[in-house]
Amino acid sequence: MFYHSTRSTLSPVDSAQAVLEGLAPDGGLYMPERLPAFDWQACLKGTSQEMSAAIVSAFLPDIPHMPQLVRRAYTGKFETEDLTPAVPVGAYHVLELFRGPTSAFKDVALSMLPQLLTAAKTVKGVSDDILILTATSGDTGKAALEGFRDVDGVRICVFYPDGGVSQVQRAQMVTQEGRNVTVCAVKGNFDDAQTGVKNIFAACQGRDLPFRLSSANSINIGRLAPQIMYYFRAYRDLLDRGVISLGDQVNFSVPTGNFGDILAGYLAKLLGLPVGRLICASNANNVLTDFIRTGVYDRRRPLLKTTSPSMDILVSSNLERLLYLLSGDTELVSGLMARLKTEGWYAVPEDLLTAIQDRFWAAYCDDARAGQIIGRVYRDLGYLCDPHTAAGWAATEDYVNQTGDGRPMVVLSTASPYKFPAAVLSAIGGDVSGDEFTQMERLRDMTGVPIPRNLADLRGKAERHTGVIEKEQMLSFVLGL
Numbered sequence: 000m001f002y003h004s005t006r007s008t009l010s011p012v013d014s015a016q017a018v019l020e021g022l023a024p025d026g027g028l029y030m031p032e033r034l035p036a037f038d039w040q041a042c043l044k045g046t047s048q049e050m051s052a053a054i055v056s057a058f059l060p061d062i063p064h065m066p067q068l069v070r071r072a073y074t075g076k077f078e079t080e081d082l083t084p085a086v087p088v089g090a091y092h093v094l095e096l097f098r099g100p101t102s103a104f105k106d107v108a109l110s111m112l113p114q115l116l117t118a119a120k121t122v123k124g125v126s127d128d129i130l131i132l133t134a135t136s137g138d139t140g141k142a143a144l145e146g147f148r149d150v151d152g153v154r155i156c157v158f159y160p161d162g163g164v165s166q167v168q169r170a171q172m173v174t175q176e177g178r179n180v181t182v183c184a185v186k187g188n189f190d191d192a193q194t195g196v197k198n199i200f201a202a203c204q205g206r207d208l209p210f211r212l213s214s215a216n217s218i219n220i221g222r223l224a225p226q227i228m229y230y231f232r233a234y235r236d237l238l239d240r241g242v243i244s245l246g247d248q249v250n251f252s253v254p255t256g257n258f259g260d261i262l263a264g265y266l267a268k269l270l271g272l273p274v275g276r277l278i279c280a281s282n283a284n285n286v287l288t289d290f291i292r293t294g295v296y297d298r299r300r301p302l303l304k305t306t307s308p309s310m311d312i313l314v315s316s317n318l319e320r321l322l323y324l325l326s327g328d329t330e331l332v333s334g335l336m337a338r339l340k341t342e343g344w345y346a347v348p349e350d351l352l353t354a355i356q357d358r359f360w361a362a363y364c365d366d367a368r369a370g371q372i373i374g375r376v377y378r379d380l381g382y383l384c385d386p387h388t389a390a391g392w393a394a395t396e397d398y399v400n401q402t403g404d405g406r407p408m409v410v411l412s413t414a415s416p417y418k419f420p421a422a423v424l425s426a427i428g429g430d431v432s433g434d435e436f437t438q439m440e441r442l443r444d445m446t447g448v449p450i451p452r453n454l455a456d457l458r459g460k461a462e463r464h465t466g467v468i469e470k471e472q473m474l475s476f477v478l479g480l
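Here the sequence shown is numbered in numbering that gives the first Met the number 0, starting from 0 and rising by one per residue.
Accuracy of the hints is not assured; some may be wrong.
The calculated lysine to aspartate or glutamate pairs, modelled on EDC-like cross-linking and capped at a C-alpha distance of 20 angstroms, are [unchecked claim]:
| # | residue 1 | residue 2 |
| --- | --- | --- |
| 1 | K268 | D404 |
| 2 | K44 | D239 |
| 3 | K197 | E469 |
| 4 | K123 | D61 |
| 5 | K268 | D236 |
| 6 | K44 | D81 |
| 7 | K460 | E440 |
| 8 | K304 | D434 |
| 9 | K304 | D366 |
| 10 | K268 | D357 |
| 11 | K197 | D25 |
| 12 | K268 | D38 |
| 13 | K268 | E49 |
| 14 | K268 | E32 |
| 15 | K186 | E462 |
| 16 | K304 | D161 |
| 17 | K186 | E471 |
| 18 | K470 | D190 |
| 19 | K340 | D289 |
| 20 | K123 | E20 |
| 21 | K340 | D297 |
| 22 | K304 | D365 |
| 23 | K460 | D149 |
| 24 | K44 | E80 |
| 25 | K460 | E176 |
| 26 | K197 | D207 |
| 27 | K340 | D328 |
| 28 | K304 | D190 |
Now the in silico label distances, taken between C-beta atoms and shown as ranges [claimed, not checked]:
| # | residue 1 | residue 2 | range |
| --- | --- | --- | --- |
| 29 | G271 | L331 | 22 to 32 angstroms |
| 30 | G428 | T121 | 46 to 56 angstroms |
| 31 | E49 | A461 | 34 to 44 angstroms |
| 32 | D149 | A455 | 18 to 28 angstroms |
| 33 | E32 | G246 | 24 to 34 angstroms |
| 34 | S244 | L331 | 31 to 41 angstroms |
| 35 | P63 | V448 | 36 to 46 angstroms |
| 36 | G246 | P60 | 20 to 30 angstroms |
Derived from the structure by calculation, the hints contain no laboratory data. Note that the structure is predicted; figures quoted are calculated from it, not measured. Heads up, the beta-carbon is just placed ideally off N, CA and C, and yes, glycines get one too.
Given these sequences and hints, build the entire structure.
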């Protein structure tokens, strides 16, 4: 299968090469020339690992031995063999994506990406080291570090916004062990770090370097494709419970900042899964909500720090893929992305906006409402959720109230509540004094919900990566590795 940039159909590459490169040379994102043929009903009959192997093989057919790669990625690393169970909570189902080794939804993809990358190296006969460059708003960093830790022939460098992640998220990254890992804070916000990574890719084009660059962000198709599986898993769970019959549509509410998580749901729909409406849930940084409602994408606004920092993003990279999928027009996409870079905004044509609104709906939730929802869902339904999940719950309530759509609803839960203990404690009436590790213990004592072992073990671990740099220093930092 051949892939080309969202900004040009020139110089297509096979799927293994797309995984190796991560980002297309012109700054666009790789997409297949055509979507694969797929038997979605047969896929639903398998285990979570079998679903994953079938889906990822369909998108990346040039990488062989996919079932073995999937087994190596997941076996023994998640709390449940289902990997991502959907559990009934009140009128909805909550898709728990935080049962992996770092307690965040990124584990599903970033357990798989190292396997794909090393297999792609073999396919393409690449002997050079690969340097994975990643910007994180909180969760991608640790999941990528854990996934690529001590992988032969691969190094990884993670940048995160200084002061822009939770204390627990920072501790997960700065205590990371491994002979091939580097972590550094950047003075600025996530968009600064993400833009810096993209600029490094551009600046290194044609340079003679001792490594090849690739990415673990969802700009890499090898990171995005494994995420499709959990939409199939959720649908299968609803089938098994008798909530739906085969062919019935299911709506999904997705907390998202970079648009990758919800785009995976749209790709599941394109593969044939009966996905109804995809609800895009934002926090107070509601650039995606505004875009889906108006067709105008405008990043010219302050980036707010919220209790859901993984969505504190104003430049949503994967939205570019959706624009390409719905328009098929690389020239249009290239022009929109150029305008976003130079002017900070763009507006899509009316027919493209109509296509987006036919498939997506959007709402946002500020910190105050997220806290109210965490408290109410725990008090009334006995379920403890984090602020990102609360945003998804809020968007679901808004959607149902405004549309009356009665189709079954799945709310994606993207992180353990223990990654944001202060916000969750405050929401359920707990004492928020002390550091986040004290707060985690207090939250456990109040609720009886166990602290994930990987988070409980952080307290007292030595900090190994304490550097802080200006965003303008990112390129020189990477070249000095």
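We went through each hint and held it up to the structure:
no.: 1; hint: K268 to D404; result: holds (18 angstroms)
no.: 2; hint: K44 to D239; result: holds (11 angstroms)
no.: 3; hint: K197 to E469; result: holds (16 angstroms)
no.: 4; hint: K123 to D61; result: holds (10 angstroms)
no.: 5; hint: K268 to D236; result: holds (17 angstroms)
no.: 6; hint: K44 to D81; result: holds (13 angstroms)
no.: 7; hint: K460 to E440; result: holds (17 angstroms)
no.: 8; hint: K304 to D434; result: holds (19 angstroms)
no.: 9; hint: K304 to D366; result: holds (10 angstroms)
no.: 10; hint: K268 to D357; result: holds (13 angstroms)
no.: 11; hint: K197 to D25; result: holds (11 angstroms)
no.: 12; hint: K268 to D38; result: holds (12 angstroms)
no.: 13; hint: K268 to E49; result: holds (18 angstroms)
no.: 14; hint: K268 to E32; result: holds (18 angstroms)
no.: 15; hint: K186 to E462; result: holds (19 angstroms)
no.: 16; hint: K304 to D161; result: holds (12 angstroms)
no.: 17; hint: K186 to E471; result: holds (9 angstroms)
no.: 18; hint: K470 to D190; result: holds (10 angstroms)
no.: 19; hint: K340 to D289; result: holds (18 angstroms)
no.: 20; hint: K123 to E20; result: holds (12 angstroms)
no.: 21; hint: K340 to D297; result: holds (11 angstroms)
no.: 22; hint: K304 to D365; result: holds (11 angstroms)
no.: 23; hint: K460 to D149; result: holds (19 angstroms)
no.: 24; hint: K44 to E80; result: holds (15 angstroms)
no.: 25; hint: K460 to E176; result: holds (10 angstroms)
no.: 26; hint: K197 to D207; result: holds (18 angstroms)
no.: 27; hint: K340 to D328; result: holds (19 angstroms)
no.: 28; hint: K304 to D190; result: holds (12 angstroms)
no.: 29; hint: G271 to L331: 22 to 32 angstroms; result: holds (27 angstroms)
no.: 30; hint: G428 to T121: 46 to 56 angstroms; result: holds (54 angstroms)
no.: 31; hint: E49 to A461: 34 to 44 angstroms; result: holds (40 angstroms)
no.: 32; hint: D149 to A455: 18 to 28 angstroms; result: holds (23 angstroms)
no.: 33; hint: E32 to G246: 24 to 34 angstroms; result: holds (29 angstroms)
no.: 34; hint: S244 to L331: 31 to 41 angstroms; result: holds (39 angstroms)
no.: 35; hint: P63 to V448: 36 to 46 angstroms; result: holds (41 angstroms)
no.: 36; hint: G246 to P60: 20 to 30 angstroms; result: holds (27 angstroms)
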